[in-house]
Structure formats: C-alpha cells, structure tokens
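Asker: Chains as they are written, first to last, in this note's numbering: chain A, 1 to 437; chain B, 1 to 404.
One thing to keep in mind: the hints can contain errors.
Said to hold, decoys possible - Capping the alpha-carbon separation at 30 Å, the derived lysine-lysine pairs in DSSO-like fashion look like this:
1. A:Lys183 with A:Lys157
2. B:Lys55 with B:Lys291
3. A:Lys115 with A:Lys212
4. A:Lys226 with B:Lys314
5. A:Lys215 with A:Lys226
6. A:Lys183 with B:Lys144
7. B:Lys291 with B:Lys63
8. B:Lys144 with A:Lys215
9. A:Lys147 with A:Lys157
10. B:Lys385 with A:Lys157
11. A:Lys146 with A:Lys65
12. B:Lys44 with A:Lys302
13. A:Lys95 with B:Lys144
14. A:Lys400 with B:Lys143
15. B:Lys221 with A:Lys147
16. B:Lys144 with B:Lys187
17. B:Lys144 with A:Lys147
18. B:Lys314 with B:Lys337
19. A:Lys199 with A:Lys212
20. A:Lys95 with B:Lys314
21. B:Lys187 with B:Lys115
22. A:Lys147 with A:Lys183
23. B:Lys221 with A:Lys146
24. A:Lys189 with A:Lys147
25. B:Lys144 with A:Lys157
26. A:Lys400 with B:Lys370
27. A:Lys157 with B:Lys143
28. A:Lys115 with A:Lys200
Source of the hints: derived by calculation from the structure; they are not laboratory data.
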Amino acid sequence: MSHKVLRAKQTKKLIGRTIFYMFIVFIIMVILLPIYFLLSISFMSDQEAYDWPIPLGLSFQGEFKIEPVLGTSEYLVSVYSRSQEAYMSLIQGSKIDQMSEFLRNKTNCNVSEEKLNEAIAEVNALYETNSNRINTLTEEISNLEKKILSLNQNIIKAKRNLSIVEGRESMEAVEEKLRADLKQYEAEKEIITVEIEEKKAELTPLNSTHFKVFKNLFANYVTFFKVTRDSIPALMRSIQVALLTVFIALTIGGMSGYAFARYVFKGKNILKLSTLFVRMFPGIAIAMPMVIILAEMGFYDKPIGLSLVYSVGQIALTIWITASIFMGIPVELEEAAQVFGRTRVGAFIHITLPLALPGLAASAMYAFIGSWAETAQAIVLTQFNPTFPVVVYQTMVGAKGMVNLIAAGGVTMALPAVLFTILIRKYILQMWGGVKV
Amino acid sequence: MKKTLFFVVLVLVAACLFGETLVVTSRLWSAPSEKEFIINEIIKPFEEANNCTVKFSTLDDEKLLDQAELQQKTGNITTDVIVAYASNMPDWVENDYVMDLTEIASKWNDRTFSKGYDEMTVFDGKRYFLPVGADVYLFIANKKALQYLPEGVDVQNLTWEEVVDWANAIAIMEGEGKYAVTGVPMKSLIYQYGGVCLSYGADWPNLDNPGAMAAFYLMSKMADAYTPTVLTYDDVRPPMKTGEAWMATAHCARVGEIYKNDPTNYVVAPAPAGPAGIGSIAGTSGFAIVKGTKHEELAVKFVEYMTRPEIMLKASKGTGGFIPPVDEAIDLLETDKDEQDMIIEMAIKVMQEGVLSYIAPTWTDWGQVKLVYDDIFKEMILNLKTFDPGYLEIMQLRIDSLKK
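Please put together the full structure from these sequences, using the hints given.
Answerer: Here it is as structure tokens:
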C-alpha cells in the first residue's frame with residue numbers, strides 16, 4: 001500500500017472519529033446544558049438571573065459599591081455585574097434597615113446594617129477629604145451628559161431625515177450634507193463619551209467605597225419553601241401518591257403482564273392492545289367526572305384517590321413492559337423448578353420474579369415519574385391536600401417575574417424522581433443497558 | 001362539681017386548640033412576595049383576634065370556578081370565601097355560587113366602596129362582591145431610555161404621540177425597538193391597546209369608530225419600535241427586568257413589581273394621554289362568600305375585616321400597586337404616604353382622572369375578542385406596518401359575532 005493511500009485512510013479515519021466525538025459532545029451538551037442552566041439559575045440571585053446575558057458560572061459573593069448622592073442625605077448602592085463588567089445601581093436611600101433588606105432580597109447576600117454603616121462612614125470620610133474635586137467632577141460630568149442628550153437629538157433628527165431622502169432623485173446634495181452632519185455629531189458624541197468615562201474613572205475612587213459579601217447559595221430554596229405554604233406535607237403526600245401508584249401498577253399490571261405472557265386465550269392480542277386505549281384519553285378531560293366518582297367513593301382530595309387515577313394509565317404500560325419481559329423468560333425454567341419440588345407459585349416467586357426484576361423496575365420508574373410530575377389532574381382532584389407539583393405550580397403562577405425562584409421550585413420537584421431513578425438504575429441498566437450483574 | 005369544672009375546662013381547651021378553619025381561595029396576591037405579606041401581615045392578626053385558622057391559597061380564576069362547580073355538584077362546600085376577577089364575577093352570580101352581601105355590607109358605615117366598581121360587583125341592585133385590589137394601567141420606562149427622550153417632553157405627563165416619537169427614536173439609536181407589549185396571543189395586549197383607544201375616545205373594544213381608528217393609525221406608526229422578540233412575551237416583567245425592553249404600559253401591580261425590584265433604574269408615570277384624556281382599562285377583584293358555606297359567620301367577619309379602610313390600604317401598600325377600592329382608604333393614603341406609595345398614587349390618579357372602561361359581561365368568549373386584537377397587532381402592525389381601515393372593519397365583524 002502506498003504511503004499516499006495509507007495517509008488518505010488515516011485522514012478519513014480521523015475525520016470519522018472527530019465527527020463521532022463531536023456528535024457525542026453535542027448529545028451531552030443537549031442533555032446536560034439545560035440541566036446545568038436550570039441548576040445554576042436556581043442558585044442565582046434575582047439581580048444575576050435578570051442580568052443579560054445570564055452568566056453561566058456560579059458566583060459565591062457579591063461585590064458592592066456605595067457612594068453618596070450629592071445634595072441629599074442619601075447613598076447609592078451598586079453591585080458588580082459580571083455580564084456588564086460594571087457596577088449596576090441597586091438602591092438609593094437613607095434608611096439603612098430598608099436598604100439592607102432590599103440588598104438581601106435582590107442579591108441573596110446578607111449585607112448587614114453594620115456593614116452598610118461601616119461603608120457609609122468610610123465613604124463620608126472620603127467625601128470630607130475630596131469634596132472639592134468631587135463637586136467639580138460631578139458638575140463637569142453633568143454638563144457633559146447634557147451635551148450628549150443634545151447630540152442624541154441631533155443624531156435622531158439627522159437619521160430620520162436621512163431615511164426620508166435616501167435614494168431619492170435630486171436629493172443627493174441634501175443626503176450628503178446630512179451624512180456629513182451625522183458623522184460630525186457621532187464623532188463629537190464619542191469624544192464626550194470618552195471624556196465622561198475618564199472623569200467617572202477619576203471620580204469613583206474619590207467618592208465611593210467597595211465591599212464584598214458572601215452569597216447565600218440556597219436563598220432561593222429557602223424562599224421557595226417559605227412562600228410555598230405546606231410544601232413539606234405536600235412533598236410527603238406526593239411521595240405517598242407515587243409509591244401507591246407504583247404498588248398498584250406493579251401488582252395489577254405485573255400480574256396481567258404475566259397472564260398475557262404465559263396463557264393463550266381468544267382475543268388476547270386485542271385485549272392487550274385495548275389496555276393502551278386508556279392512555280389515549282387526555283387525563284384532564286376525564287378529571288371532572290373522576291372527581292365526582294372519587295367524591296362519592298370518599299377518595300376525593302386523598303392520596304389514594306389520586307393514585308387510583310394515575311394507576312389507570314400506568315397499569316397499561318406496566319402490562320406491556322412486563323409481558324415482554326415474562327415472554328423472554330423460558331417457561332422451562334419454571335417447569336424445572338416444579339420438577340425439583342417447587343410449587344407453581346414458588347417457582348414464580350423464586351425463579352421468574354427475580355429474572356423479571358429489570359422490567360418491573362422500569363415499570364416502577366415510569367409509574368413513579370408519571371405520577372410524581374403530574375399537575376393538571378392533581379389540581380382538580382385535590383383541594384386541601386395538594387401534591388407537591390400543585391403547590392409548585394401555584395407558586396410559579398404568581399412568580400412570573402422571578403425566574404430564579406421558579407428554577408429552585410423546578411429543581412426541588414425533580415430531585416425525588418432523580419433519586420428514585422438512581423436507586424433503581426441497576427435494574428434499568430440490566431433491561432436496556434445490556435449490563436450483566 | 002369537680003367533674004363539671006373539669007368538663008368545662010376540657011371544652012374550653014378543646015375550643016382553643018381546635019378553632020374554626022376558614023378556607024379562602026384567591027386569584028389575587030398570587031405573587032410569592034404578595035402572598036407572604038397577606039398571610040403574615042394581614043391574615044395572621046385576624047386569626048389571632050378570632051381564634052381561627054385561615055387557609056389562604058391562590059388559584060387562577062378558571063380553576064377557582066371549576067372547584068366551585070365541583071363543590072356545588074357534590075354538595076360538599078369546603079371553600080368559604082373566594083376572590084374572583086371582575087370579568088368572571090357574572091359566572092359566579094349566574095351560577096348562584098355566591099351569597100348576596102347587600103344587607104351585610106349596608107351595615108358597615110365606616111367604608112364606601114368606590115362607585116366606579118359597582119358596575120362590576122353589583123348585579124341587579126344586589127352586591128355579591130366586595131371590591132378589592134383594583135387595577136389600572138401605568139407607564140414604565142428604563143432610565144436608559146431617557147437619553148433619547150424628545151426635548152420638552154415631561155415623562156409624568158406623556159401623550160401617546162410623544163411615546164410613539166420616543167419609542168421610534170430609541171429604535172433608531174439602538175438599532176432595534178425597545179417597546180414591550182404582550183405579543184403572545186390571549187394575554188393582555190387588548191388592554192394595553194385598549195388604553196390607547198380610550199385615550200382617543202374610542203368605544204372599546206369596538207374598532208369601527210373614529211377613536212379606535214385614530215389609535216390604530218398612531219400604533220401603526222411605531223411598528224419598528226417593538227422589541228424583535230415581542231411576539232414571545234406573555235408578560236412584560238421578564239423583558240423589562242432583563243433590559244431587553246425599555247418601555248411598557250402595563251398593569252399597575254406588574255409595573256409596581258418591576259419598579260420596586262429595581263427603583264434606581266426605572267421611572268414610572270401614569271398611562272399616556274390622548275385627546276380624550278388618560279385612557280385605561282380598569283378592573284377589580286372582589287371578595288365573595290360561597291353559598292352553602294359551613295362557616296358563614298366567620299366568613300362575614302373575614303370579609304368585613306379585609307375591607308376595612310386601614311386593612312385595604314395596608315394590603316395595597318404591601319403588595320405592589322393595587323388600588324384600594326374604598327374611598328376612605330384612599331383618603332387615608334393622603335395622610336399616611338411615603339415614597340413607596342408612588343405607584344398607588346399614580347394608579348389612583350389614573351382611576352380618578354382617566355377615561356376608563358372595563359370588560360362588560362356581553363361577550364360569548366372574551367378570549368376570542370382578545371385574539372382579534374392579537375391578530376391586528378401581528379398582521380397589520382408588525383407585518384404590514386401600515387394602517388388599514390378596511391382590515392379593521394373586517395375585524396369588527398369578528399368582534400360583532402362574539403357579542404351575546
């Protein structure tokens with residue numbers, strides 16, 4: 001084989017491998033990035049969550065700047081924004097207790113009144129020393145800003161006129177003049193902007209002081225549980241509903257699955273298919289009649305009532321999963337066990353059931369996640385004993401402008417389902433992952 | 001004797017331990033901070049004074065009605081007091097889900113429910129709802145927008161022409177529009193545009209009148225002034241908070257939330273005016289006692305407490321920017337106001353001086369009426385960018401078909 005052919009083969013292999021790994025990285029990013037994003041937002045303060053572009057990395061402390069507002073007895077507190085790479089003003093005032101509370105809510109940093117008082121004392125001392133220069137610079141900046149405002153009006157006017165005359169016949173001279181004016185205004189604006197920046201850079205160390213405060217990373221979670229009344233009982237109720245659903249679905253669905261796998265009877269396939277019909281009805285559509293039935297049974301607003309409703313759909317899925325698993329387990333194994341003295345039930349419990357565990361685990365996972373995350377029906381089917389997704393939903397409905405709080409609620413809601421999946425991962429991997437234990 | 005005494009003590013202890021429980025479900029105060037304030041600062045003192053427990057929860061109007069329907073059907077009335085929005089009040093009354101409070105409310109001499117809300121809360125001369133948390137529309141702008149404010153314009157006394165001019169100037173200078181409305185269908189665009197129509201003397205929500213035509217002509221002139229992602233907004237709070245949008249005319253409580261969250265970076269003003277004045281859609285929520293409640297006496301005590309002028313004012317002050325719809329509460333604000341009450345003051349100004357309208361219960365499907373405005377926004381304003389009176393007349397036919 002010539003050197004050239006070998007090289008071409010190697011290049012082809014390299015390209016193939018690169019594409020393969022790029023694909024893998026892409027898949028990982030598609031799955032992991034949104035999860036990471038949700039997690040990181042749940043740890044962000046309100047100020048960070050609405051900073052644009054949202055910083056992806058977590059911050060562990062807030063950097064604050066405090067300065068006096070000239071001509072008043074007030075102070076302006078700003079926080080450093082990683083996205084803007086600048087200090088963003090947060091609150092102006094003179095009431096220290098209110099400022100401290102506002103900063104705590106806005107930045108998740110416990111900026112104590114003592115800390116603020118210390119910073120104010122420092123900034124007052126600075127002002128005493130540099131008052132003349134501060135006043136001069138402030139006045140100069142104010143005058144330059146006025147000039148900018150005036151230039152903005154000229155630029156807007158020129159741009160508007162330009163859009164009218166642009167491309168029109170016999171308007172070339174006007175267009176040229178407008179362009180020249182615009183260029184001049186923009187150049188002037190740029191010079192003044194630079195001048196303002198320089199003056200601000202000189203002013204900042206003269207009239208402001210900085211301090212850092214550690215962030216309370218779990219503040220959103222604390223707030224979430226604080227504003228979501230009865231969230232802990234609701235969490236326990238949800239776990240109860242999910243476990244009951246798993247139990248009902250596995251008991252009835254598992255037994256039916258076994259029957260479908262082992263017995264031959266007329267209409268078996270149609271019957272098996274028909275179990276899926278219940279999953280085709282939108283749950284919310286049958287929620288209202290279901291409420292009346294449950295109320296008559298005395299199960300309305302009780303975990304068992306919700307479990308029964310959820311189980312209807314989950315049983316069908318369990319039947320299909322377990323039936324396929326039971327079909328894969330040779331009947332001869334059960335027969336052999338019976339030959340060696342086991343009863344039929346004994347053979348099922350000691351031989352078939354352990355082998356079917358992966359299928360049962362997968363069904364359990366589906367039943368758990370399905371009942372855990374369900375909200376629409378739970379809202380209608382509960383009132384005083386809501387499940388956790390219902391209380392999360394109720395909080396989220398009102399928290400539209402608080403994306404960090406919503407993220408904290410989302411993560412809290414996902415956590416038990418994730419834990420449950422991790423607990424039974426061994427069996428799921430056995431079923432779909434091809435791992436032998 | 002000892003036994004009797006023991007029994008009496010036991011009964012008293014039991015009564016103390018197991019006070020009545022009142023269930024209150026509300027569409028109002030659903031924001032976490034508002035809910036927390038109402039529970040801790042308003043409801044807690046009532047619980048202590050009456051030795052009872054108030055289970056306060058929030059739910060949207062639709063779910064609230066669903067629950068009521070279910071409770072009435074099963075005869076198991078478990079909700080005692082509800083807070084519904086004005087547009088849904090007719091459903092509660094027509095279905096006979098709530099009690100007539102006329103006689104009860106007439107005994108309270110220390111409060112006068114603002115007359116402007118009687119049209120929504122009083123049905124056939126009977127008061128079923130006690131107004132609470134009234135709302136109008138206010139204007140909010142990020143201070144970054146002030147650098148392009150046209151000369152001689154006063155932010156506190158804006159006209160719609162000035163807003164259009166200003167918003168267009170921002171679009172020219174920034175390279176993209178910065179004005180926000182709720183572009184997602186069936187949200188509040190109809191109210192945001194309704195304010196413009198009313199300020200031009202329109203018969204809102206009808207479109208075939210000179211006022212509406214003039215308003216839409218003006219709106220078509222700011223087609224480029226909206227943010228590029230305006231069609232994805234179902235609420236103006238997030239884009240205003242991120243700085244993606246710089247200006248909006250929105251519900252006073254939402255404006256209050258944006259402003260109070262970042263007071264150094266925003267300016268708030270009454271909704272802009274037109275030739276007819278400051279136009280705004282007004283609404284209110286209202287307390288009602290559910291028919292068949294097992295705790296009627298406590299429910300009456302609760303609504304009496306919640307509508308006291310001082311409690312109304314306290315609730316309004318602590319929850320952003322709602323107007324207390326009781327005249328005496330507004331008078332109280334005059335004697336007890338601080339800088340934080342600016343939003344309520346502006347909202348009251350709009351309520352008292354503005355050209356107001358509300359959602360009349362004359363529509364078969366209000367959501368479809370909303371959709372007409374959403375379509376006009378998307379088609380005529382964003383896509384065509386021209387004023388088309390013929391198109392508006394066709395859309396009027398759609399509105400006509402939705403009248404009861």
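Asker: Now look at each hint and say whether the structure bears it out.
Answerer: Hint check results:
For the proposed pair Lys183 (chain A) and Lys157 (chain A), the alpha carbon gap of about 13 Å is at most 30 Å, so the pair holds. With a CA separation close to 18 Å, the supplied pair Lys55 (chain B) and Lys291 (chain B) stays within the 30 Å bound. Restraint check for Lys115 (chain A) and Lys212 (chain A): satisfied, since their Cα atoms lie roughly 10 Å apart, inside the 30 Å limit. Distance restraint check for Lys226 (chain A) and Lys314 (chain B): the Cα-Cα separation of roughly 21 Å lies within the 30 Å cut-off, and the hinted pair is therefore satisfied.
Between Lys215 (chain A) and Lys226 (chain A), the direct Cα distance comes to roughly 18 Å. Compliance with the 30 Å bound is thereby established for this hinted pair. In summary, the hint linking Lys183 (chain A) to Lys144 (chain B) is supported, as the alpha carbons are separated by about 23 Å, within the 30 Å threshold. Taking the CA atoms of Lys291 (chain B) and Lys63 (chain B), the gap is about 18 Å. The hint holds against a cut of 30 Å. About 28 Å separates the Cα atoms of Lys144 (chain B) and Lys215 (chain A), which keeps this hinted pair within 30 Å; it holds.
A threshold of 30 Å between alpha carbons decides the hint, and for Lys147 (chain A) with Lys157 (chain A) the separation of about 16 Å falls inside it, so the pair holds. Distance restraint check for Lys385 (chain B) and Lys157 (chain A): the Cα-Cα separation of roughly 21 Å lies within the 30 Å cut-off, and the hinted pair is therefore satisfied. A threshold of 30 Å between alpha carbons decides the hint, and for Lys146 (chain A) with Lys65 (chain A) the separation of about 25 Å falls inside it, so the pair holds. With a C-alpha separation of about 28 Å, the suggested pair Lys44 (chain B) and Lys302 (chain A) falls inside the 30 Å cut-off, and the hint holds.
A C-alpha spacing of about 26 Å is found between Lys95 (chain A) and Lys144 (chain B), which places the hinted pair at or below 30 Å, so the restraint holds. Restraint check: the Cα-Cα separation between Lys400 (chain A) and Lys143 (chain B) comes to about 23 Å, which is no more than 30 Å; the hinted pair holds. For a cut-off of 30 Å, the pair hint linking Lys221 (chain B) to Lys147 (chain A) stands: about 29 Å separates their Cα positions. With a C-alpha separation of about 27 Å, the suggested pair Lys144 (chain B) and Lys187 (chain B) falls inside the 30 Å cut-off, and the hint holds.
At roughly 16 Å between alpha-carbon atoms, Lys144 (chain B) and Lys147 (chain A) fall within 30 Å of each other, so this suggested pair holds. Taken as a hint, the Lys314 (chain B) and Lys337 (chain B) pair is honoured in the structure, with Cα atoms around 11 Å apart against an allowance of 30 Å. Under the criterion of a C-alpha separation no larger than 30 Å, the hint pairing Lys199 (chain A) with Lys212 (chain A) is consistent with the structure, at around 25 Å. Using a Cα cut-off of 30 Å, the hinted pair Lys95 (chain A) and Lys314 (chain B) holds, with the two alpha carbons roughly 20 Å apart.
This hinted pair checks out: Lys187 (chain B) and Lys115 (chain B) have alpha carbons roughly 28 Å apart, not beyond 30 Å. Distance hint between Lys147 (chain A) and Lys183 (chain A) is fulfilled; the C-alpha atoms sit about 16 Å from each other, no more than 30 Å. Proposed proximity of Lys221 (chain B) and Lys146 (chain A) is supported: the alpha carbons are some 29 Å apart, at most 30 Å. This hinted pair checks out: Lys189 (chain A) and Lys147 (chain A) have alpha carbons roughly 8 Å apart, not beyond 30 Å.
With a CA separation close to 19 Å, the supplied pair Lys144 (chain B) and Lys157 (chain A) stays within the 30 Å bound. Between Lys400 (chain A) and Lys370 (chain B), the direct Cα distance comes to roughly 21 Å. Compliance with the 30 Å bound is thereby established for this hinted pair. Only pairs whose Cα atoms come within 30 Å are accepted, and Lys157 (chain A) paired with Lys143 (chain B) is accepted, the gap being roughly 21 Å. Taken as a hint, the Lys115 (chain A) and Lys200 (chain A) pair is honoured in the structure, with Cα atoms around 25 Å apart against an allowance of 30 Å.
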